[in-house]
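Colleague: For reference, the chains in residue letters:
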Amino acid sequence: MKHEHKYKSGPEKYVMVIDIDKCTGCGACVIACAVENNLPVRTDETRKLLSVDWLVIYKITNGKPFPKTRIAYIPRGCMHCDNPMCVHVCPASATDKDDKGVVSQIYPRCFGCRYCMAACPYHARVFNWWDPTFPKGTERGLNPDVSTRMRGVVEKCSFCNHRYQRAKEKAMLEGRTTLRDGEYITACAEACPTGAITFGNVKDPNSKVSKLVKSPYAFRLLEKFGTEPSVYYISRQEWVRREADRYFEEKAKKISKE
Amino acid sequence: MDAALIPPGVKRCDFKIFLGWILFLLAIIGWGAYAVFLVWYKALNQTNMNNYFGFGIWITLDLSVIALGGGAFFTAFLRYILGIDKLKNIISLATIVGWICYASALLVLGLDVGQPLRGWHIFWYANVHSMLTEVAFCITTYFIVLCIEVLPIVLENVQLAKNRFIHLFSHNLHEYMYVFAAVGVFLSFFHQGSLGGMYGVLHTRPFAYRTGFFIWPWTFFIFILSAIASGPALTLLVTWILQKVTGRRLVTKDVILLLAKITGSILCFYLIVKFIDTWYWATHILPEKGMTLKECYQGWFGPYGLWLLFAELGVFGIIPAIILITPRFRENEWLLAVGCLFDCVGIIINRFVFTVQTLAIPTYPFDKWVVYSPSWQEWASTIMIIAIGALVISLAYRYLPLFPQEPELNP
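As they're listed, the protein sequences go chains A and B. Using my numbering, read the first sequence as starting at 1 and increasing by one per residue. Using my numbering, read the second sequence as starting at 1001 and increasing by one per residue.
Bear in mind the hints are in silico, worked out from the structure with no lab data behind them. Each hint should be verified, as a subset may be incorrect.
To be verified - Not everything, but these chain A residues come out facing chain B in the computed CB check (under 7 Å): (1) M85; (2) V213; (3) P216; (4) G226; (5) E228.
Source: prediction; values computed, not measured. Yeah, the Cβ is synthetic: ideal placement off N, Cα and C, and Gly gets one too.
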């Protein structure tokens, strides 16, 4: 029995590679994402499981006492899986995967059943528990390229799809049909001060990401679930890979064989 | 005061007592209606669900009432398709209880979705790959079938039946009821199964995921079995409660014992299948997904502890199965009531763990358990649904000839 929705990508396939060893957990990516994508902000955001965050940062430790304590941060947005369970289960076809690898969400079609949230093991999907609100004055700074969402619908990271459209229009005006590496990147990748987030077309053999994904230290979260995520993580620290990836032992054997 | 509406040949309590009971139910319904108003007006922030718990008590209630409402289609199957004539004495109640359950499920869905006014999107933009689409189509069409099945029962009211057209229409509907029963059985099998399939397909949630046959995970078949193992139990339980509350005999013991025996047999079969399924899940599916049984439970006695598994399959599984399958036990009316009640509770726990516990289990190795407890608005609306059910049964019992044997059993 197979419940798969594997898609066929076109000439482009965008992936994200996050170098955990470079991430300081500063949160610049989270802020950039929120500003870029018009994420609503309430007066009280203390209950984080009710917040509308497309990108969150998990903090992990090696569990050892000082001075051997080590900390790492794992930024996590939507994984834009190649076998996206959310697309498979959505009863109203409100979410889909396009040929460049982005899992999209059609907000006016979503009726808020939240089956996709139950299906996503990454907790990448968030629900609008309230009508969207923005602190006074900030409405004027909303991004005109991104629609705001209404209450009662699910939303998620779009890999800043509007930036792709903008980059594509610019390329067309310049008489090009393809994008150069780095021409389309997400807001989080652009804002990261340490360059921990790299974004690009993995099918372009000259792109940075196509080289990074081949690293023996690269892994993806929850690989055994068969979702085929498009977000890769890199860490040269064994304890990080062990903490982040439940299947580290198998992977370690594979690396040693190679 | 309402004597003209009461079926001939039966006695009902004084209207004032009945009115007091109805007002009591309406007070509860009013409290729940206020909670419903808050949810619709202020949105789902009135609940204690969150981005981890997209499903909560409402979906548990939804799945539970649909399973327990399975008594309608299964009793109809036994009566009209298999021709077990004796069950005609309890089929009206089973149909009414089923109708209440499905109406409740649709009402709860209207509460639970974030944009109820877009409910039609599920039909208009239907994704044929989604089990939920199948559920939506089957539940809606089956509810229409249930309405058709309930209609002749309502039209049997003594005043309505005086109208010649209504009387003939009702009579003819009865004649062709086996057609609707067959359609209902077909639709019910699919949506009961699809509800199980909804969880079974989630290969991203190892607690719920199951392998299966063709496109259907094993939960598809197990949910059908559990519905027919518990639905008739609710019908029997409601009959028992009605007999105790009214102090009247409504159905002969042989009818009750027959349905109890059938229910007990199916419950035993369901438990055997469920034990095999649980064993295979723990020893094959979980390791395949990189998880262990221990990781799926919050210790022995935590909110999502192993006690739930033992409660579901042991206390509320094996015990009611023994009671219902053993002639000596099921002939004792109190034990029979306990057996039916435990059977229903076991299925509710099953639906709870599939709905809520599935979402509580940390998926990341570095994540933590999260616990969900419903808000007062969720409880109030849930209790309201039960009160509406009690209201409909009370009205149906008082004004409709639900039990054909009642006049002769209470001369």
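Colleague: State for each hint whether it applies.
Modeller: Tested hints:
1. M85: holds, 5 Å
2. V213: Cβ of A:V213 sits 21 Å from chain B, so the hint is violated.
3. P216: violated, 20 Å
4. G226: holds, 6 Å
5. E228: This hint is violated: A:E228 lies away from chain B, its Cβ roughly 11 Å from the closest one there, beyond 7 Å.
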